[in-house]
Amino acid sequence: MRKILATAATLGLAGLGAIVPATSAHASTACNNAWNATAAGNFVAYNGTNCGGDRLGITEGQDQDWGNSTGSFQGSDTNQATSLIHKGTTTMRVQLFNGTGDDWAGGHTCLTQGEKYMDTLDNQYFTSGVEVNNQISSHRWIWSGCGATLNS
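In case it helps, mature numbering (1 follows the signal peptide of the UniProt record, and there is no 0) puts the sequence shown at residues -27 to -1, 1 to 125.
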């Protein structure tokens, strides 16, 4: 009887171990694959989690208004980002804003090169307290200083 209970417990734990890591490993694998496929020097945003869905934009530069008709991000791209890739070739950060304009004011946060990507922006916040998910309206590259950084 003890052998049966021990075997059942072992199989149950093994099954749980196989299920739980698979979900997070899948997310990391999807973004890692997208990061590997991205040309060096670029910042990319997607409207889906796990670097999926539509690619909103890809750029080596800044874009002060994701909702206008200029730059890499245009029109309906504003307030749609759910996952991000940072494949910069320097230690610059991508500073993200929930506002627009070249004064770069308002709530912001940064994605550092060390993060590589964010498979979801849920539970990430701008310095203003606004959640980052589906609220990015502009971005720029900066060398230092940010006030807040995204953490996976």
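Careful: at least some of the hints might be erroneous.
What the hints assert, rightly or not - Between beta-carbon pairs, the in silico distance windows are:
| no. | residue 1 | residue 2 | range |
| --- | --- | --- | --- |
| 1 | 33 | 118 | 17 to 27 Å |
| 2 | 118 | 62 | 18 to 28 Å |
| 3 | 74 | 2 | 34 to 44 Å |
| 4 | 78 | 9 | 32 to 42 Å |
Simulated from the structure, these hints should not be mistaken for lab results.
None of these values were measured; they are calculated from a predicted model.
C-beta: ideal position from N, C-alpha, C; glycine also.
So, against the hints stated earlier in the document, which numbers end up violated here?
The structure breaks none of the hints.
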